[in-house]
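Peer 1: Please build the complex by placing chain B on the supplied structure of chain A, with the hints as guidance.
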Amino acid sequence: MTVPASYFFILSIVLFVLGIVAFFVKRDLISQFMAVEVMLNSANLAFLALAKAAAFADAQAVVFFIITVAAAEASIGLAIVLVIFRRKKSIRTADLDSMKG
Amino acid sequence: MMIIVFFALAVICTGSVLGMIISRNQGTSALLLVLAFASLGGLFGLLGAGFLAVVQVIIYAGAIMVLFIFVIMMINLREGIVPEKRTWTIVLSCAMALVILGEIVFAARGVAPEAPPALAGVSPTELGRLLFTKYLYPFEITSVLILAALVGAIVLVKKREP
Chain A
1 MTVPASYFFI LSIVLFVLGI VAFFVKRDLI SQFMAVEVML NSANLAFLAL
51 AKAAAFADAQ AVVFFIITVA AAEASIGLAI VLVIFRRKKS IRTADLDSMK
101 G
Chain B
1 MMIIVFFALA VICTGSVLGM IISRNQGTSA LLLVLAFASL GGLFGLLGAG
51 FLAVVQVIIY AGAIMVLFIF VIMMINLREG IVPEKRTWTI VLSCAMALVI
101 LGEIVFAARG VAPEAPPALA GVSPTELGRL LFTKYLYPFE ITSVLILAAL
151 VGAIVLVKKR EP
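In order, the protein sequence lines correspond to chains A and B.
Residue 56 in the numbering used here sits at position 56 of the first sequence, with consecutive numbering throughout.
Residue 76 in the numbering used here sits at position 76 of the second sequence, with consecutive numbering throughout.
Wrong hints could be hidden among the right ones.
[Stated by the list, open to error] To give an idea of the chain A side of the interface with chain B (calculated C-beta under 8 Å), a few residues:
1) S31
2) N41
3) A43
4) Q60
5) F64
6) I91
[Unchecked claim] If you want the footprint, here are the derived chain A segments under chain B, 3+ residues with CB under 8 Å:
7) 14–20
8) 70–78
9) 81–89
10) 94–100
Treat the hints as calculated values from the structure; they're not laboratory data.
Positions of the beta carbon are idealized from the N, C-alpha and C atoms, including for glycine.
Chain A on its own, in the form it takes in the complex:
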């Protein structure tokens, strides 16, 4: 028997909420960036699950584009993290207070 799509949707909700918790619990840029990746992936899972429930056949192409754009985003984001580390010698968010946030 096949797994109902709603199970996948519920799992994606759980993963998204875990990503939010990780984003706020972590104290450095790299871990927070990894939390963002978790959220992005859970969104992909939700998209695929709902597309299966709605019999939307193009979903795979769309998710394929999302994954490619996520790869580009990860490379740029990590480059920015590296630049911040070179300037500030730290990636802890507590040290990045030059904007008085």
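Peer 2: For chain B alone, kept in the frame of chain A given last:
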């Protein structure tokens, strides 16, 4: 049978994300995320998206996480991240996550759980045909975007020699 595989993959995925939250070491978190993304690839396969399962494992668990591990090794924080005793932010973040969970559940309530019209998985052949006919322009634009990201990352990270 499928449902056992689903629950096994779901437990692995959720557990490794939980471990990533708990772990203090960034390298451990990155490796746990590799596990999480690989099991997510398995879940994509269960949803009938075989090609995306492979893409997920190769690009996410492979390329992107290797990039993360490279950066972690380059930064090489010897002392690690010092734990800060700011438990109220953790409590606050959990409360906010619960609020968002409530919102999502509230929004998703309207999605009717009707019996799904059994959609057979799209084969890689059909997906390729789709990518090169209906989605040809997005496909080409994505390649330009990736080129721009490549050049941008190199320009950002390059050491400027005086």
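Peer 1: So which of those numbered hints doesn't the model satisfy?
Peer 2: The structure breaks hints 3, 10; every other hint is satisfied.
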